[in-house]
Each structure stands twice: as C-alpha cells, then as structure tokens.
Amino acid sequence: MKLHEYQSKTIFSRYKIPIPRGRVAGTASEARQVAEELGGRVVIKAQVLVGGRGKAGGIRLCRTPEQAEDMATQVLAMEIKGLPVRRVLVDEAVDIAREIYLAIVNDRGARRPLMMASGSGGMDIEEVAARSPEKIIKVFIDPLLGLRDYQVRDLAVGIDLPRQSWRPFLEICQGLWRAYQENDATLAEINPLVISEDGRMYALDGKMMIDDNALFRHPDLAEMRDLDIENPAEIEARKYGVSFIKLDGQIGCMVNGAGLAMATMDIIKLHGGEPANFLDIGGGASAEKVAAALRVILSDPGVKVVLINIFGGITRCDEVARGILSALKEVKTEVPMVVRLVGTNAAQGMAILADAKMVTANTLVGAAVKSVAIAAGGAA
Amino acid sequence: MSILVKKNTRLLVQGITGNEGLFHTEQMMKYGTNVVAGVTPGKGGEWVLQKIPVFDSVRMAVEATGANTSVIFVPARFAADAIFEAADAGISLIVCITENIPVQDMMRVREYVDQKGSRLVGPNCPGLLTPGEAKVGIIPGEIAIPGNVGIVSRSGTLTYEVLYALKLAGMGCSTCIGIGGDPVNGTDFIDCLELFEADPHTDQIVLIGEIGGSDEEKAAEYIASKMTKPVVAFIAGQTAPPGKRMGHAGAIIESGAGTAAEKIAALEQAGVRVARHPEEIPDLLR
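In order, the protein sequence lines correspond to chains A and B.
When you line the first sequence up against numbering that gives the first Met the number 0, it's residues 0 to 379, in that order.
When you line the second sequence up against numbering that gives the first Met the number 0, it's residues 0 to 285, in that order.
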C-alpha cells in the first residue's frame, strides 16, 4: 500500500527526521491560510500517488499567500496521469545547497533490507542506477541486528558528506530505519534529503510503501489507503478475500490458486485469446465467495465468455458449483461459461451444474480452446 | 524414493486444534504420515483424533515424542513466532503452510532459522508429498503416484495440475516440494535441485516457477553448471501485467524485472526444456 508524501513525512517526523514546516490543504483558501502562517514563501505540492508530479506541473513555488491560493486553485483542478488531485501539501520553501538520495527497500535476493544513499539526489534514482551505478552506495541491514552506526558512516563517506553533517545524517538514517521497521514498510524513501543554505538537513520529499500483510498490526495506516488508485472491481473483490486484477481481454477467468490462475491466463493467450482478468478465489472458497467472484467478473462489459477452472484440493468442487448457481440466480446473464472441475468432489460439482447449460471441458487445453472459440464469436 | 519427507518422518503439527490444522492432520494420517504430536498453547494435555497428544510448547512435544519435523497451520500474525519456536526446539525440518506473513517477519525468521541450522519450507506453500510414503502439508494425496520425477514449485494448485497430468500419463513422482509464493522464504529452487541430484530415486526434475524475483534465473545457472539429471520447467505469468501482485506476494514484475520471458530464456539457455502449458510437461519428460 502506497502512502502520500504528506502521510510519509508525518511518519518521518515522528522519528525525529526534520521536515519542512507545512500542512496539507483540501481547498485553495486553506492553502492560502497555511501560506500566511508560514510567512508567504511556500511550495504547493499535488498529493497524488504517481511519479512525475513536477513535470506535470503539480509542484509550484509561490512567493505570497495570494499566489499560493491561485496556484492551489490550479493544482487542485488538475488530473495527473488520470488521478484527481484532492489535496495539496503546502510546505515552506527551503533554499537548497545540496541534494541527497536516501532510501530503504526490501532486497529480495539478499533477503534483507537495503539502505541506499547517493549524492545525486532529487533525480530519478532508477536513471542514476542505470547510468552510473557506482554513485549509489549500499549497505545491507541484518534483520536481527538492525542498522549499525558504522554502516551509516560508510554511507556518509561514500557520498562525500562533510564531517559536520555526519551527526544529523546518522540521526536521520536511524530514524528512517525505525520508521521502516516499526511501520512494516517495504519502501521508505527521502528524495531529496537536502542540506539547506544554512547547513540544516530536511526530508524535502518522502515516500513510503507498507506491507499489506502487516496492516493487521497497523490499523492507523490501513485507514490511509487511497482508493483513487484502485479499480472499483478490485476493491469489491478484496472485500470478499478474492484476489482480482482487471485486464483488457474478453475471457473472464475464475480459478483457485494464484499460480494456476496465471497459467490459465497464459494458456488462453497461447490459443489466441485475451484474458479479461486475473482472479484467484483462494483455498477452501465458500459458495458465497464464488458468487462474489462471478459478480465481479461479470461486472466487466468486455467479458464475452467466462472460463471457470477449479482444481479441487481443500476447495470442494460441489461448493464452487453451488456458488456459481447462486450467483446466476442473482445476476441474470447471457454470457456463456466454460467450466472445468477436477479433484475433490468434481463429479458432484458437475452434476450440480448439469442443468445450467454450461460448456464443459476435461483438460486445461480443452477449456482454453473452447473459451477462445466462443469469445471469437463461434460455437464451442 | 524421496527427499526430506519419508516413512521415518515424526511429524508435529503446530496449530493442530484449529480448523485447518485438524482437518489436514486427519488427511495426513489417512495418507500414512506418522503424526506424533500437536502443539496449541493453552491446550496442552488434550488429545485430538483419539490418539494425538497436544502440548503447550514445541519443546515439550519434542521431549515427549521425538518429533523431527513440524508443519505449521497457525494464523499469519502468530506464524513467525511458531517458526522461531520450532527452530529453537531443534526441529530440523519446518514446513509453514500459512500465507500472508509480513515480509519483515520472514526476513528475521530466515536469518534465525539459518543460524540454528534448521531447514524451512515455505511459508505460503502446500508442503511436501512423497507419494506412497508420507505427506506433510495439504497436497491431495490421491492425485499423485510414486515414481522417479522430482517436483519443485512456487505454486499450489498449479503443482496439483502437474502431478495429476503426470499421473494420467502413468508417470510418478519421487517427492513434490512446494517452496511457496512469498518473496522471502526458506528452501529455494537450488536447495531442492541439489537434493534431487543426490537422490538415487529421482531421475528427472520438474521446476515450476512464476514471475517475480530472480530465483528461476539463479536455478538456471545452477542447472547449467551442476546438474546431470534432465530438468523440465514451466513458468506461470507470461500474460501478467507489470507492477501488479498476481495473488502471491512474490509474484510481481518490479521495475521491468522478473518477467516470465527472461526466466524462460535463462532456463532454455541452460538446456532446460520449458513447457508452454502444464499439460505439456509429461510429453517433455522422457
């Protein structure tokens, strides 16, 4: 789950990472008021969960509260990469002497957190990584020991940080590590971390991503989820514990298990069709969950046929069949269905569906071929 | 005949009194697995299924029953603690079925388990099956027959699909290991390939991977340099869009890396025959 800049920076400040004075505003007049409190010279920053805000005109420097109000009016009317700007962050403007990049990410290959710093702050760090990887200094953090001070000194030396800045840098790095660890982040990034003209350090921008699997111990963070970046059907599916991702094809898929769901999409493509979605009903799915899954699939008007592929293990095929029938009672649909049930109680499941006039298949290939033919307008 | 899970496995079930734990304990016993104990804190002294004693801690269960393998069915919020406890009690093989464990928990767990010298399989996995001998986890026993094909997979039901396709073709399996779909897990592809290479009862191997991370690429390097036995592979997620988590926490294409195409190319480069779909796998085995 991604957090907005203002949310990330609020968390950072709890860990004694200095941030510019500022506040989030939902209207232009609020923005003006904040600018007045801050003495007039402010930056208006669009709060949307996409990169490239600056290039899109979503970050503006203002000299007076009046200008802040005008700019906020403009920015709040914008859409950036399809996302509406609902809030702006109004921060005091900082005179920048130097910009640094600082972040902690999960390194999958090393199975531990990785702290990275670069003297080339403010830029797109992926570009720096591609062009001059030697400019990014890395230290791996032992998950049982945590970040050690000597590791931070290695970073400081690596990015040529003047010695008088080591102390504040150490405090910021340790604060970022604690923010990362205590909030179950998968990313905590300060880009740029600036040294101002008067020699102070500030986290000018901030970004955090939180592990969805850890939200049970962070109810406060779970409430920060921004639903603007999510597809409504995906939100609906999540309510029922169904994993769903919308795609652009014509063949709706309902499968149990993530790997099998991907393999089902792949085999559709292999036979010349296009999957309309990824959908995993999970293990041991109830009839209610199956019904919810089918409603979500059928809510996409692009779906011309639904392929149901269930390999019963913990999941019982008769339970799935009952879910399909109950969904069909509720959602009247002309969309044809191809069904393949294998494993636990498959025969009972097929018997339950016998009156529903569905196309049946014994193999994965057979199911794919029939679905593709129907989607292309032919009979199965 | 097998690696890791055998007739002499003495299995302990952590979370044995929960719905899933109890159901699968019964299934594992029906299959012939030697289940010797269960652990549910606060329920020590009880019995389940008439003959399995329940203990308050793993240490007590090990002392009383000599359990050497543990399977974990406890909810995600308690799962990391359950793995720490098993490793601390000297369990040599820990199989964690639980899904949705926070990734930072898993980073600490993996570090600790390695230090203790235990082997972890999973989490977020279906466990292991040695057809005809024993199963530890949730793989339905009746979909596989004993044989000489070793299987290692990041997936659950997709693995069942492959076991079933092999059975229909009259082919059997030595041991099937589900290593799980999480970004940070215990045993990986290379660990399993090494075990299968050394197992006299395994003649060929099926590797089932998916998008995300670079474990398939690392496995390809290992196969090219160390393996003499033939390997057949399947990679799921060729149609997966970038940046989206495809159900499994680890199944995501990040910054353009971890695509199915890269993995397939690396495996083919290493001489692995890669199936286009799961039902093609028996044809590629000899």
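Hints are computed from structural coordinates only; laboratory data are not their basis.
Just to be clear, a hint being listed does not mean it is correct.
Unchecked claim - Here are the simulated DSS-like cross-link-like pairs (lysine-lysine), alpha carbons at most 30 angstroms apart as the crow flies:
1. A:Lys206 x A:Lys268
2. B:Lys225 x A:Lys268
3. B:Lys166 x A:Lys268
4. A:Lys303 x B:Lys243
5. A:Lys288 x B:Lys243
6. A:Lys134 x B:Lys217
7. B:Lys42 x A:Lys80
8. A:Lys137 x B:Lys166
9. A:Lys331 x A:Lys303
10. A:Lys137 x B:Lys217
11. B:Lys243 x A:Lys54
12. A:Lys1 x B:Lys243
Do the hints match the structure? See the list:
1. For a cut-off of 30 angstroms, the pair hint linking Lys206 of chain A to Lys268 of chain A is broken: about 36 angstroms separates their Cα positions.
2. At roughly 34 angstroms between alpha-carbon atoms, Lys225 of chain B and Lys268 of chain A are farther apart than 30 angstroms, so this suggested pair is violated.
3. The straight-line distance between the Cα atoms of Lys166 of chain B and Lys268 of chain A is roughly 26 angstroms, inside the 30 angstroms bound, and the hint therefore holds.
4. Distance restraint check for Lys303 of chain A and Lys243 of chain B: the Cα-Cα separation of roughly 24 angstroms lies within the 30 angstroms cut-off, and the hinted pair is therefore satisfied.
5. Restraint check for Lys288 of chain A and Lys243 of chain B: the C-alpha separation of about 22 angstroms stays at or below 30 angstroms, so the hint holds.
6. Annotation: proposed proximity of Lys134 of chain A to Lys217 of chain B holds, straight-line Cα distance about 26 angstroms (limit 30 angstroms).
7. Taking the CA atoms of Lys42 of chain B and Lys80 of chain A, the gap is about 55 angstroms. The hint is violated against a cut of 30 angstroms.
8. With a CA separation close to 49 angstroms, the supplied pair Lys137 of chain A and Lys166 of chain B exceeds the 30 angstroms bound.
9. Distance hint between Lys331 of chain A and Lys303 of chain A is fulfilled; the C-alpha atoms sit about 14 angstroms from each other, no more than 30 angstroms.
10. With a CA separation close to 22 angstroms, the supplied pair Lys137 of chain A and Lys217 of chain B stays within the 30 angstroms bound.
11. For a cut-off of 30 angstroms, the pair hint linking Lys243 of chain B to Lys54 of chain A stands: about 25 angstroms separates their Cα positions.
12. Under the criterion of a C-alpha separation no larger than 30 angstroms, the hint pairing Lys1 of chain A with Lys243 of chain B is consistent with the structure, at around 13 angstroms.
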